[in-house]
Structure formats: C-alpha cells, structure tokens
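S.K.: So the chains spell out like this:
Protein chains: 2
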Amino acid sequence: MPNDTDLYEKLTNSERLFEGKIINLRRDEVILPNGRTGMREVVEHPGAVAIVPLTTEGNVILVRQFRHPIGQVILEVPAGKLDSGEDPAACAVRELAEETGFTANTLRKLTSMYTTPGFSNEIIHVYLAEDLIESDKHPDEDEFINTEIYTPEQIHQMIISGELCDAKSLVALCLAGI
Amino acid sequence: MPNDTDLYEKLTNSERLFEGKIINLRRDEVILPNGRTGMREVVEHPGAVAIVPLTTEGNVILVRQFRHPIGQVILEVPAGKLDSGEDPAACAVRELAEETGFTANTLRKLTSMYTTPGFSNEIIHVYLAEDLIESDKHPDEDEFINTEIYTPEQIHQMIISGELCDAKSLVALCLAGI
Numbered sequence: 111m112p113n114d115t116d117l118y119e120k121l122t123n124s125e126r127l128f129e130g131k132i133i134n135l136r137r138d139e140v141i142l143p144n145g146r147t148g149m150r151e152v153v154e155h156p157g158a159v160a161i162v163p164l165t166t167e168g169n170v171i172l173v174r175q176f177r178h179p180i181g182q183v184i185l186e187v188p189a190g191k192l193d194s195g196e197d198p199a200a201c202a203v204r205e206l207a208e209e210t211g212f213t214a215n216t217l218r219k220l221t222s223m224y225t226t227p228g229f230s231n232e233i234i235h236v237y238l239a240e241d242l243i244e245s246d247k248h249p250d251e252d253e254f255i256n257t258e259i260y261t262p263e264q265i266h267q268m269i270i271s272g273e274l275c276d277a278k279s280l281v282a283l284c285l286a287g288i
Numbered sequence: 111m112p113n114d115t116d117l118y119e120k121l122t123n124s125e126r127l128f129e130g131k132i133i134n135l136r137r138d139e140v141i142l143p144n145g146r147t148g149m150r151e152v153v154e155h156p157g158a159v160a161i162v163p164l165t166t167e168g169n170v171i172l173v174r175q176f177r178h179p180i181g182q183v184i185l186e187v188p189a190g191k192l193d194s195g196e197d198p199a200a201c202a203v204r205e206l207a208e209e210t211g212f213t214a215n216t217l218r219k220l221t222s223m224y225t226t227p228g229f230s231n232e233i234i235h236v237y238l239a240e241d242l243i244e245s246d247k248h249p250d251e252d253e254f255i256n257t258e259i260y261t262p263e264q265i266h267q268m269i270i271s272g273e274l275c276d277a278k279s280l281v282a283l284c285l286a287g288i
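Just so you know, the protein sequences line up as chains A and B, in that order. Heads up: take any position in the first sequence, counting from 1, add 110, and you land on the working numbering. Heads up: take any position in the second sequence, counting from 1, add 110, and you land on the working numbering.
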C-alpha cells in the first residue's frame with residue numbers, strides 16, 4: 111500500500127451556499143499538502159442506486175428519459191436517489207418497480223462508485239436484478255420514462271456508437287457482463 | 111427509433127445561483143410533459159477528459175489523489191478539465207503529461223459520456239493513450255498526485271474488491287479492454 115499521507119488536505123472553513131431539492135452546494139477552504147490554502151466547491155448529493163434488470167431471455171430493460179441538464183433524451187439503466195436513511199438494496203427494489211414495473215426476486219450488488227469525486231460526494235450503488243416479475247410501473251410525479259428492452263448485441267452496438275452515453279449505465283452494464 | 115416527443119421539458123425561467131472556480135449552479139423552471147411546472151437544479155461544468163495510458167508491457171498508469179468531496183484518497187485514470195475552447199484530444203495530451211509525465215504518440219477516442227445527467231451537464235471524453243514516452247510531470251499548483259503502474263490482473267482485482275470506485279475510471283478501463 112503506497113503512502114498517502116503526503117496527499118491529504120485539511121478542512122479549515124466551510125461556507126454553505128445553497129440548499130436545494132436534490133443537491134446542496136458548499137465551498138470549503140482547505141490546507142493543501144504544500145501548506146498553502148485552497149478552495150474546494152462541493153455538491154452534496156444523497157446518493158443513488160443503479161440497476162441492471164436482466165430478463166430470463168438475457169435481455170436488459172433500459173429507460174429512456176429527458177435529462178434537463180444536458181437537454182437530451184437518453185437511454186440509461188433504471189436508477190434513482192436514496193431516500194433519507196434508506197438501505198441501498200431496498201432503494202434498488204423500489205426504483206426498479208417505480209421506473210419499470212418489475213420486481214426482482216434476485217438482487218446482486220456489483221459495486222459502489224463515485225460519479226464525480228472532483229466536485230461531488232455522489233455515490234451510486236450498482237445492482238444486477240434477475241428473476242423479474244412484471245407488475246405496474248408508478249414513476250415519481252415529475253418523472254416521465256419510457257421502458258425499452260434490448261439484447262446484449264444491441265447494447266454492445268449502442269456502446270460502440272456512443273448512443274449509450276451515461277456513465278453509471280456503462281459501468282453497470284460492463285460489470286453485469288453484458 | 112421510439113417516439114421521444116412525450117418526454118421533453120420546456121424551459122420557462124432560469125435563476126443563476128453561484129459562479130465558481132470550477133462549477134456554476136443555476137435553478138431552472140420547466141414545463142413538464144404533463145403540463146405542470148417543475149424545478150431543476152443544474153451544476154454547470156466545463157467538461158473533462160479521461161485517459162487510459164497503456165505501457166508497451168500492457169500495464170496501465172493510474173493516479174492516486176485526495177478527493178476533498180469524498181474525503182478519501184482514491185485511484186483513478188489520469189483526467190482533467192477542459193480549458194475554455196480547448197480541443198478534447200489536445201486536453202488529453204496535456205493532462206496526461208501534467209499528471210503522469212508521459213506523452214502519447216497514439217491517442218484513440220473511446221467514447222464521450224455524461225457523468226451525472228440528472229443534475230449536471232459534465233461530459234467526459236475518454237481516450238486510450240499508447241506508445242508512451244516519459245518526460246517530467248508538472249501538475250497544477252493545487253494538484254498533488256502519485257503515479258502508479260498496475261497490471262491488468264491487479265486492475266481486475268481492484269474492480270472486484272471495490273478499490274477502484276471512480277465511475278469515469280471504470281468506464282475507461284472497461285472500454286479500453288483492460
């Protein structure tokens with residue numbers, strides 16, 4: 111294990127700038143490893159889950175939705191934010207049902223990852239969902255989502271073409287072995 | 111191609127909340143597909159590149175650094191923000207040299223992806239860098255980075271164990287075929 115002690119920064123001040131519906135923003139003052147002062151902008155996020163729902167035929171359920179920050183409709187794996195204090199696995203079951211209408215009898219954790227550790231603390235817990243049972247989907251009132259099913263070959267092609275361009279989805283599909 | 115027109119939101123107002131060193135924050139009011147009004151918090155980011163530097167031996171150069179938002183030292187592929195108007199490929203060459211001291215004679219684009227399309231417009235352009243030539247590294251004055259070289263087997267193990275937990279790095283290593 112390499113020596114990391116030469117890399118750490120020490121927090122000396124923190125200014126809260128914004129408290130939002132989904133994210134908060136703060137600006138921290140830190141002492142850098144060379145003793146100088148630096149400023150770090152931090153987006154606070156509650157954390158999230160992403161799910162690869164695999165059908166018995168070996169196909170994957172993806173969701174298509176408009177993402178306002180990028181002004182585009184894109185394809186992603188089902189995903190959603192953690193409610194306060196919510197267990198990530200329970201969140202994965204809930205979000206899968208809300209966005210796709212499917213319940214999973216088998217849920218396997220693939221990894222947990224930071225999406226943007228340079229400016230945010232968002233962590234996404236990634237799951238593979240199998241043995242799916244269909245029921246009704248019931249998205250949040252401000253979510254508008256189309257559900258679509260793709261074969262592994264179609265997914266490979268959309269990764270190569272760049273149509274699949276959402277980082278969490280790329281990680282999730284890769285770690286699921288799709 | 112499915113019909114996306116039922117998914118789009120229409121911008122009706124935008125409030126600028128913060129202009130920072132790295133990110134800006136705004137809050138937009140939108141008309142949702144059902145005609146109701148919604149609020150969207152948007153973190154504006156200049157975009158970035160991530161690079162998988164592959165040595166002639168088939169090993170990968172990773173960087174270890176402290177990430178203040180998550181309070182941890184983590185391993186990542188070399189990466190960095192685009193300067194204003196900068197070509198992504200030129201940025202990849204520059205960041206690779208700054209963070210690792212290596213220049214690449216062969217650079218291949220792997221994909222472009224959105225890290226967090228739910229709350230930010232950050233796009234990361236991902237490159238594979240080969241035919242490396244070593245020179246001096248010269249990180250930014252507020253960057254403190256250790257450079258380390260790993261075999262593909264070590265990287266697989268760190269993906270399975272969760273030690274490699276940075277989303278852009280996981281995508282980049284996967285698409286590079288590591």
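Rather than coming from a laboratory, the hints here were simulated on the basis of the structure. Heads up, a few of these hints could be off.
Given that identical chains are not distinguished, each listed pair holds provided it fits within a single copy or across any two copies.
Simulated crosslink set (DMTMM-like; lysine to aspartate or glutamate; CA at most 20 angstroms straight-line) [said to hold, decoys possible]:
#1 K131 / E154
#2 K247 / E263
#3 K120 / E251
#4 K219 / E139
#5 K131 / E119
#6 K120 / D197
#7 K219 / D252
S.K.: Each hint needs a verdict: does it hold in this structure or not?
M.R.: So, going through the hints one by one against the coordinates:
1. In this homomeric assembly, K131 and E154 come within 20 angstroms of each other (Cα to Cα) both inside a single copy, at 11 angstroms, and across copies, at 17 angstroms.
2. In this homomeric assembly, K247 and E263 never come within 20 angstroms of each other (Cα to Cα): the closest approach is 26 angstroms inside a single copy and 41 angstroms across copies.
3. Taking the closest pair of Cα atoms, K120 and E251 come within 20 angstroms of each other only across two copies (16 angstroms); inside a single copy the shortest separation is 42 angstroms, beyond that limit.
4. In the homo-oligomer, the alpha carbons of K219 and E139 never lie at most 20 angstroms apart, since the shortest distance is 36 angstroms inside one protomer and 36 angstroms across protomers.
5. Only between protomers do K131 and E119 lie at most 20 angstroms apart by alpha-carbon distance; the minimum there is 18 angstroms, versus 29 angstroms within a single protomer.
6. Proximity of K120 to D197 under the C-alpha cut-off of 20 angstroms is found in neither arrangement, the shortest distances being 30 angstroms within a copy and 34 angstroms between copies.
7. Taking the shortest alpha-carbon separations for K219 and D252, neither the intra-copy value of 28 angstroms nor the inter-copy value of 36 angstroms comes in at or below 20 angstroms.
Comparing the model with each earlier hint shows violations of hints 2, 4, 6 and 7; every other hint is respected.
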